[in-house]
Amino acid sequence: MSRFMKNRSVKVGLPPGSLVHIGERKTENVTIDIFNYDEMQFQEKETKKVKECFSFKDKATVTWINVNGIHELEILKELGDCFGFHPLVLEDVLNTDQRPKMENFDDYLYIVLKAFYYGSDNNEKVEDQISLILGSNFVISFQERQGDIFNPVREQIRSGKGHIRKSGADYLTYVLIDTIVDHYFIIIERLGEKIEDAEEELLANPTSQTLQTIHKLKKEMMLLRKSVWPLREIVSSLERDESALIKKTTVVYLRDVYDHTIQVVDTIETYREMLSGMLDIYLSSISNRMNAVMKVLTIVATIFIPLTFVVGIYGMNFKYMPELAWHWGYYTVLSVVFVIGVFMIFYFKRKKWL
Amino acid sequence: MSRFMKNRSVKVGLPPGSLVHIGERKTENVTIDIFNYDEMQFQEKETKKVKECFSFKDKATVTWINVNGIHELEILKELGDCFGFHPLVLEDVLNTDQRPKMENFDDYLYIVLKAFYYGSDNNEKVEDQISLILGSNFVISFQERQGDIFNPVREQIRSGKGHIRKSGADYLTYVLIDTIVDHYFIIIERLGEKIEDAEEELLANPTSQTLQTIHKLKKEMMLLRKSVWPLREIVSSLERDESALIKKTTVVYLRDVYDHTIQVVDTIETYREMLSGMLDIYLSSISNRMNAVMKVLTIVATIFIPLTFVVGIYGMNFKYMPELAWHWGYYTVLSVVFVIGVFMIFYFKRKKWL
Amino acid sequence: MSRFMKNRSVKVGLPPGSLVHIGERKTENVTIDIFNYDEMQFQEKETKKVKECFSFKDKATVTWINVNGIHELEILKELGDCFGFHPLVLEDVLNTDQRPKMENFDDYLYIVLKAFYYGSDNNEKVEDQISLILGSNFVISFQERQGDIFNPVREQIRSGKGHIRKSGADYLTYVLIDTIVDHYFIIIERLGEKIEDAEEELLANPTSQTLQTIHKLKKEMMLLRKSVWPLREIVSSLERDESALIKKTTVVYLRDVYDHTIQVVDTIETYREMLSGMLDIYLSSISNRMNAVMKVLTIVATIFIPLTFVVGIYGMNFKYMPELAWHWGYYTVLSVVFVIGVFMIFYFKRKKWL
Amino acid sequence: MSRFMKNRSVKVGLPPGSLVHIGERKTENVTIDIFNYDEMQFQEKETKKVKECFSFKDKATVTWINVNGIHELEILKELGDCFGFHPLVLEDVLNTDQRPKMENFDDYLYIVLKAFYYGSDNNEKVEDQISLILGSNFVISFQERQGDIFNPVREQIRSGKGHIRKSGADYLTYVLIDTIVDHYFIIIERLGEKIEDAEEELLANPTSQTLQTIHKLKKEMMLLRKSVWPLREIVSSLERDESALIKKTTVVYLRDVYDHTIQVVDTIETYREMLSGMLDIYLSSISNRMNAVMKVLTIVATIFIPLTFVVGIYGMNFKYMPELAWHWGYYTVLSVVFVIGVFMIFYFKRKKWL
Amino acid sequence: MSRFMKNRSVKVGLPPGSLVHIGERKTENVTIDIFNYDEMQFQEKETKKVKECFSFKDKATVTWINVNGIHELEILKELGDCFGFHPLVLEDVLNTDQRPKMENFDDYLYIVLKAFYYGSDNNEKVEDQISLILGSNFVISFQERQGDIFNPVREQIRSGKGHIRKSGADYLTYVLIDTIVDHYFIIIERLGEKIEDAEEELLANPTSQTLQTIHKLKKEMMLLRKSVWPLREIVSSLERDESALIKKTTVVYLRDVYDHTIQVVDTIETYREMLSGMLDIYLSSISNRMNAVMKVLTIVATIFIPLTFVVGIYGMNFKYMPELAWHWGYYTVLSVVFVIGVFMIFYFKRKKWL
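Protein chains in written order, with our numbering: chain A, 225 to 578; chain B, 225 to 578; chain C, 225 to 578; chain D, 225 to 578; chain E, 225 to 578.
FYI, nobody ran anything at the bench for these hints, they're computed from the structure.
Just so you know, not all the hints are guaranteed correct.
Identical copies carry no separate label here, and so any pair may be met within one copy or between two of them.
To be verified - Straight-line Cα separation of at most 16 Å, EDC-like style, residue types lysine to aspartate or glutamate; simulated pairs:
id, residue 1, residue 2
1, Lys235, Glu379
2, Lys443, Glu424
3, Lys440, Glu420
4, Lys269, Glu379
5, Lys450, Asp490
6, Lys235, Glu413
7, Lys275, Glu298
8, Lys349, Asp465
9, Lys235, Asp402
10, Lys440, Glu497
Could you put together the complete structure from these sequences and hints?
As structure tokens, this is what we get:
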């Protein structure tokens, strides 16, 4: 199956709104973390039963329900029924091949994003589709796996540092998006390092391995760009949205995260351009090396082929070859050959081929 | 005749609105399926007589008239007269070389699309131009052949699953478009697999066959894009259209299909870019291989051409060549030749040509 | 003189509105066809005297004045004075190096287009600049030569088929533009066939002739695009124009011709992209063939150069060369040479160079 | 110093509005031509004293003050004080490295343009920055040198031909801009001829000189485009401007000059594309020629290297070589050698290398 | 670490608005220059204590506080508290990896820019992030180091030349931005000179060093463009901003600086295009040189390989070779060989390979 697209064919023919999980199952057990807080207090709960969320629905305090693992259709259905989400929202949460987007359903916003980050344990790049549903007093986030990307946010809620406890659900949404965008910077930083390594290798000693590295980095950039480009529109429309769900004080923060997104996009474009330039360098360095090889062949062959012809002449077995009988004939030929050789070397020196 | 354009010259000079079928005849017999349904009941009929459709025109229930085969001008004319379509609409239905578009004639919408799908029987890619006419209580769809692409929709109507029986003609139109877009995903998935295969082949063992595969895939992508690009505008203008024919509850579904279209376009662009990158890789792998071949030639020639010259010297027939009489002369020459050869191999090793 | 631009220098320094004919004279005698018609009757007249047109100016019926040949300044001046056209309009009619454009002078519209068609007699591509002036009850069209491109329109008027006799001057303008656009399809069809021929040739047996064909087709596409691109804007602004000269019933037809224009532009873009792709194929097929040639040289040279060295050794004339006296010496050398040769062939086979 | 940018560093650190002349001094003496006219009369005066202009400031008739040479700060300052221009306007007039632009200062418009033309005397391309200041009843134009580009305009005023004497200062401005744009056509015509020459040379006998010609033409096109692109915006904003300084009757003329500008831009783009295509042709013709050279080498070497090996065998000095004693041995070898040679020639013919 | 992005990972997980300095520390001691002036008087003060600024906050005269060095969090915090800046502003001032932007916080504007200039002492290119905060009566500027880029502005204030002392804080902001843009011109001028040098080298004697120079210049252009592109939007939005902080008289100056920015962007684009063209030239000059080398090899080998074969024939030791006994045999062979050689040279001459 192709990396740029997941297997959607299972859904063809099903009525719209049918709940089908598309993509790999990235965790075994679905767990739900619930945070409920306001400026004064906070409450934290980890559960596997979706019913425990329902009581928070009508509380005035901010509730953050984080669902790790999205393949359990039952859990989604119950959540959807309780909070009254549109069937298409649930369908999109399940489909991990979404293009990032934002949809405004008047009393809630649905946002789907791609997170890329390095896992804390094995330092491997992780791709995760994250869905956020922002209501007036709650945020529901869906991750494909037991991700630790939001741990710092949890820490902020627990410690009460920053504005998070003093602000509403919209600010929490901003913090979650900001965390995801911050991780893009880390991904790009590392890709940037790899690009610079490849560039050094390219200028020092390019091999066909270098070419494959450039090709691979180019594909990584394409993949990243595919996720970040639409994010720009999302954040921009969040910021300008007239939605009552976004307070005016949060807009200034969204503008900040918008600038970060632009910067990520800019840097991706810059790196893509650099990679294109590197390909040109690679191609011309191959040509250059070919040139060097050709020059050696040309010089050696051009010098020795005529000389071999000369000595070949005196290898002929004619009866009447007066030179053969000359006493200094041999030395004369050797000298002639030597002089021709030296002359050709000078000629090549003047042509700057040596 | 060219693949990117069908023979339109037959129409030059005819007055606008003249009914001429342009394109291949893809089925022999024209058949008409009629579905009439509301939430409570449904009725299904297959006929060859166009007159049987007329009675459904003024029913309050939703009627879906699906015409398989468009080359019978008579059938179109009768349908057009009965439902009061503009002559240009009928002209466009007949012309299978249409660019996808949507036209709003106030009391009906005319939509023309390109469907691509794998036929159920022989698994071959099929291209079909599909015209949809949406009225207040009916949808008329025209296919070029006896297509099974809409079978799942028929199944949904029969079984009453999903919203289809509870919704109007606009929802049916959405479902038909959604089905077509879903099949694009399948087409792109398979093309994606072929691209990944070609990429692997390219990195492992590129041949001129690989180049032709890349070229062919590029052309397929161009063809697909030509059909999908205008679809984006169509769905977007359907969604934003003030037309009374589209109900507000359907708009949310159209937004969803719009997102899918964008995703298809994005993926096509990504694949096109990948194919361009693959061409670069191909060209440089040719250069690389040429380099390898040249190196072997250079090394062999550069080592043996001077040596042949040396042994040529002692093949000369001069009377006075003192070395020839030396007892160890032969072995000396052999050693000199051996030393020169070894030295050159070392030199090439240091230059990293070996 | 350059093909992409005609000699305009003759006009530099003249006051704006000066009447100067720019371009080649494509016909000797200027003739004028006049059609006057309404639903009931029609009248046809061919003349060389411009004065005969004047009487039609104030008739309620639709008048179509078609002027073949534009280099007679006197005729234009008289027409302009009679109908009251702006001097810049007449200047533009005379200048055959116009970019297609539409200008709205409130009581008339001035449209200038490029027509491309295959002449009926010698089947050669003809380029013609066509100017249309649409008034409330007349259309004046200027062609550079005695063109037969509008013959089918004349036929429609004579026969009364289609809507033409029932509609006004705006519909006639639409029919004329539609005819020109229809001919673009024919031109593109033929170019498309040539491109496909060139593509086949390219994949089978590319020569430097193929390259020049590709280059020539590319230039043709550029020329065509230069004429069709602005047409898009013209038709689009005609369609959306608030001008009282365009009736609402004609707008639906203009929308249709607009779609055709878009399709022409799309197809041109597709072909341009294909031609670019073909250039890449051409370049890599040259490289490939070079590779094939190099391989033969490398194999032959790499096998025989060392062998020639070996037999060269035993061509030396040293007195003391024990091998020369061996009874099986000759056969040993032959065998050694044979073994080396076979070994190298195997080596090349394994490297996949054979 | 670089051709695409003049030395602006002298101005860094000076307060905005400081008058510094940037660029070369292109004339020694600054002269001022004054034209004052209306429909009835005209008055012409050439002077070196700026004070003579002041009396025309408040006349109802149109005054055109043309300043040849801009490096005399004193003259500019006096003019600026008299007519009340903003210091930035004078600063921009002096800086010959301006990007073409238009600025609306309510009671006057400031326009700066680049003129390119062939000098009347030595037929060399001349670049000149022209500043126009349009007031209600005057136009002040600044040229860098004693330019003859506006001579035809002067002639029109003197002779009273065309509309110029009947129209206001805005029409004069239009005529001046139109003259400049007309000269662009001449420049492009000549560049076009050079491009076509280079193209012919390219197809007949490309040398590295051809490449440098293409490169030079490309740079000329870049330079030209840099001046013409912004002109488009200038004319377009003049035309749409609500400014009371532009009368409605002049707008139709500005629209015409706008169309010319577009045509210039279009032609430049077309030529740039052609030059890119020519570069591709050049590169592939180099490859082609290399191929031809390689083929000769390959054929000659591939035929003679094995044959040389064969005759080398019989040049060995072994005592026991039975063939040497055969009576027909020599002729047999000659025949074998001949047969091998002929066979190889046939083989190459079949491969289409000969 | 990559040059196109600084290490932001330290900030991941911190609450928004956390003050962390990102980037290198470019100066040891933070100093603060304070200018306070109106038309009548001015006051200048250099201090290290931030408290000395506070007294100027409410003065009616214009105050310019210039902070050299931004890594001292304490100073920023105190300033921020005193003037009431949003925490995100302070966060952005500290982060030297900002994309240039402008933010409007109603009672102050925050602008962040990149300055590039040549240091006065060692003539080395310096990159500096400059933040400007414009209030109604003050401008606070932050530089990363003890920069002398603003010295001419200080001089203007001291001397009272120009409008600066007569104008408000908005004009001061304009002057600061204008100074930064002026320095872009100098940077581009020098890059332009380097590009022209590289171009000359390229046409005279291209080496792989030239390629690396082109690559390096391309990267410099990318870096510069990344900083200048967003500047365009900043100046444009400043100019069109309805903000009460920008007076109408200043707008005309901002329009001027906007034109300069466009010109910088244009020139960068022109240079980028030139560099791309130069890469093409480089690649084809490599091919050309390869061609030249190949030609020499081909000519020498093609002439001497057949001749060597001929003399090889008469080196064979057959007993019965009648020619060997001919008296003129040797001279005949020499003549034949000579004739073949001369013929081939003529052939190559005719082919234009010599």
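Going through the hints against the structure:
no., hint, in the structure
1, Lys235 / Glu379, "between (39 Å within a copy, 14 Å between copies)"
2, Lys443 / Glu424, "between (20 Å within a copy, 14 Å between copies)"
3, Lys440 / Glu420, "both (14 Å within a copy, 13 Å between copies)"
4, Lys269 / Glu379, "within (14 Å within a copy, 45 Å between copies)"
5, Lys450 / Asp490, "both (13 Å within a copy, 8 Å between copies)"
6, Lys235 / Glu413, "between (38 Å within a copy, 13 Å between copies)"
7, Lys275 / Glu298, "within (11 Å within a copy, 49 Å between copies)"
8, Lys349 / Asp465, "neither (33 Å within a copy, 43 Å between copies)"
9, Lys235 / Asp402, "between (33 Å within a copy, 11 Å between copies)"
10, Lys440 / Glu497, "both (15 Å within a copy, 13 Å between copies)"
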